[in-house]
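The primary structure of each chain is shown beneath.
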Amino acid sequence: MNVQEIHSRLKARFGDGIGEWTAPEAGDPFIQVRPAYLREVCKFLRGEADLRFDFLRLISAVDWTDRLSSVYHLYSYEHHHGVTLRVDLLRTAPRVGSVADVWPAADWHEREAYDMMGIVYEGHPALKRILLPDDWAGYPLRKDYKAPEEYNGLTNR
Amino acid sequence: MTGKKMTSPLQTAEKMLESAVREPRDLTRYLHYLRTAYTEGLPLLVTPLDAAINWSRANSIWPLTFGIACCAIEMMAVGASRFDLDRFGAGAFRPTPRQADLMIVAGTVTHKMAPRVKRLFDQMPEPKFVMAMGACTIGGGPYCKHGYHVVKGLDRLLPVDVYVPGCPPRPEALIDALLWLQQKISKSHRVTDRYWRKDMWKQFMFWKSEPRE
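Each protein sequence line maps, in turn, to chains H and F. In terms of this note's numbering, the first sequence opens at residue 1 and continues consecutively. In terms of this note's numbering, the second sequence opens at residue 1 and continues consecutively.
What the hints contain is simulated information worked out from the structure, not anything from laboratory work. Careful, some of the hints might be misleading.
Stated by the list, open to error - Pairwise CB distance ranges, derived in the manner of DEER restraints: (1) 143(H) - 99(F): 45 to 55 Å; (2) 92(F) - 54(H): 44 to 54 Å; (3) 87(F) - 101(H): 54 to 64 Å; (4) 99(F) - 147(H): 33 to 43 Å; (5) 123(F) - 26(H): 29 to 39 Å; (6) 80(F) - 20(H): 51 to 61 Å; (7) 87(F) - 54(H): 36 to 46 Å; (8) 142(F) - 26(H): 19 to 29 Å; (9) 52(H) - 172(F): 47 to 57 Å; (10) 34(H) - 170(F): 54 to 64 Å; (11) 54(H) - 144(F): 37 to 47 Å; (12) 155(H) - 86(F): 36 to 46 Å.
Stated by the list, open to error - Here are some of the chain H residues that sit facing chain F, going by a computed Cβ distance under 8 Å: (13) 132; (14) 133; (15) 140; (16) 147; (17) 151; (18) 152; (19) 154; (20) 155; (21) 156.
Using N, Cα and C, we set each Cβ at its ideal position, and we do this for glycine too.
Hey, can you work out the whole structure from these sequences and the hints?
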C-alpha cells in the first residue's frame, strides 16, 4: 500500500483528525495527524490486517521555531510498506499521547524526544531524561537553547 | 669573580645535608634546596632512594581498565599484541581503581560522566597519574564550541600528567605518552616531596622565598 492509499484509509476512518499527506523533496512522504487522534490512529494502523504496522522505526522531533513536531516512522514487515506520521504541537505546551503501549520501542524514543526537545508524552510509563543528567535545565536541541555557563562546578566555556 | 672557589650544586647539597644531620631545622632547608634545584633543572634532582623507587614505579605502571569513547579502541590496540604496552611494564590493566596507578582517560568526558571519572580517580591509591588521551579530553575537541554537554578539558576536573593529542591518537602516540610519563616519574622526588605536599615545610619556614609551583 502506498501513502495515498493509507491516507485515504485513515481519512475514511478518522475524518478531520487526519490532515493532508505531503511528499517533500527529500525524505519520506508523511501524513499530518492531529495530536488528539494520534493514539487511535496508531492503534488502528497496527491493528488492521491490511495495514499491520508492526514496527516503529523511530520517533524523531523537529523544532520549527514556531511549533514542534513529533514524527513517527512506521514500517510493516508483513506487507513491506512504510508510512510516516507527523504531529504538530504547540511550542508553549507540547503534549501528545504516548504510544509506548502500542509499540514498546516507543518507550525510549519518547524519553529521548522529551530529553532533547521537551515534548511531553502523556501516559508514558516513566517519562524522565534518558541521556542528560536528571537535574539538567532546558532542552538542548531546541533552537533557542542556551548552554549553561556552569554545570556541577565545572565551567562550560 | 671573587677569590672564592666555585661550588657545584651537588657540593652545596652535600654540605647542607651534613648540617641537616646535626640540626633538624636545616633538614627543611636542605629539602627546599633540592626542590628549588629541581625546578631550576639542576642535575642533583633525585636522591638515591628516590631513584630506586622511581625506577620500580616507572616500569610497572598499571593502568585502569576504563574507556569512555572511541579513543578507548586505540587504547585497546595498544594493550593488544601488535603494539603491546606490556613491553613497558604497563600491560596489566586493572579492573579496579584500587590497584591502578594510571588513569588513561580515553574519550569525551561529558558532564554526566564527570562525577564518575572523578570518583574513580579518588578511589585510586597514591601515587597516581592521569593521561588525557585525545582531542575531546584535552580541550573538548569537536564539541568545544557547541557541545553543551562536554567538559572542555579534563584538567578542569583532574590533575593531568600527560596530554596525548590526536583524534584518536595513534597507538604510537600513546606509547610515546607512556614513555614521557616514565620520564616524569623518574624525575620525581616523592620522598622529599612528602614534606612539601603535606605543607610540613610551613611550620619550619624561617626564610622568605616560597617554593615555586
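Against the structure, the hints:
The hinted range of 45 to 55 Å is satisfied by residue 143(H) and residue 99(F), whose Cβ atoms lie roughly 48 Å apart. A beta carbon spacing of about 50 Å between residue 92(F) and residue 54(H) agrees with the range 44 to 54 Å that was offered as a hint. For residue 87(F) and residue 101(H), the hinted distance range of 54 to 64 Å is satisfied, since their beta carbons lie about 57 Å from each other. For residue 99(F) and residue 147(H), the Cβ-Cβ distance of about 38 Å falls inside the hinted range of 33 to 43 Å, so the restraint holds.
At roughly 50 Å, the beta-carbon separation of residue 123(F) and residue 26(H) lies outside the given 29 to 39 Å, and the hint is violated. Between residue 80(F) and residue 20(H) the Cβ separation comes to about 57 Å, which falls inside the hinted range of 51 to 61 Å. Against the hinted window of 36 to 46 Å, the Cβ-Cβ separation of residue 87(F) and residue 54(H) comes to about 54 Å, which falls outside the hint. At about 25 Å, the beta-carbon gap between residue 142(F) and residue 26(H) stays in the expected band of 19 to 29 Å.
Residue 52(H) and residue 172(F) have their C-beta atoms about 55 Å apart, which keeps the hinted 47 to 57 Å range intact. Taking 54 to 64 Å as the suggested C-beta distance range, the pair residue 34(H) and residue 170(F) conforms, at roughly 55 Å. For the pair residue 54(H) and residue 144(F), the supplied restraint of 37 to 47 Å holds, since their beta-carbon distance comes to about 43 Å. Checked against the hint of 36 to 46 Å, the C-beta distance between residue 155(H) and residue 86(F) comes to roughly 39 Å, which is consistent with it.
Annotation: interface hint on residue 132(H) holds; nearest CB of chain F at approximately 7 Å, less than 8 Å. Residue-level restraint check for residue 133(H) holds (minimum Cβ-Cβ distance to chain F is 5 Å; threshold 8 Å). Proximity of residue 140(H) to chain F holds as hinted, the smallest CB-CB distance being about 5 Å (cut-off 8 Å). About 4 Å separates the beta-carbon of residue 147(H) from the nearest beta-carbon of chain F, less than 8 Å, and the hint is met.
Because the closest C-beta pair between residue 151(H) and chain F is about 5 Å apart, less than 8 Å, the hint holds. Among the interface hints, the one on residue 152(H) holds; its C-beta lies about 6 Å from the nearest C-beta in chain F, closer than the 8 Å criterion. Below 8 Å, beta-carbon pairs count as interface contacts, and residue 154(H) has one with chain F at about 5 Å; its hint therefore holds. About 7 Å separates the beta-carbon of residue 155(H) from the nearest beta-carbon of chain F, less than 8 Å, and the hint is met.
At its closest, the beta carbon of residue 156(H) sits 7 Å from a beta carbon of chain F; the interface hint therefore holds under the 8 Å criterion.
Checked against the numbered hints given earlier, the structure breaks hints 5 and 7 and satisfies all the rest.
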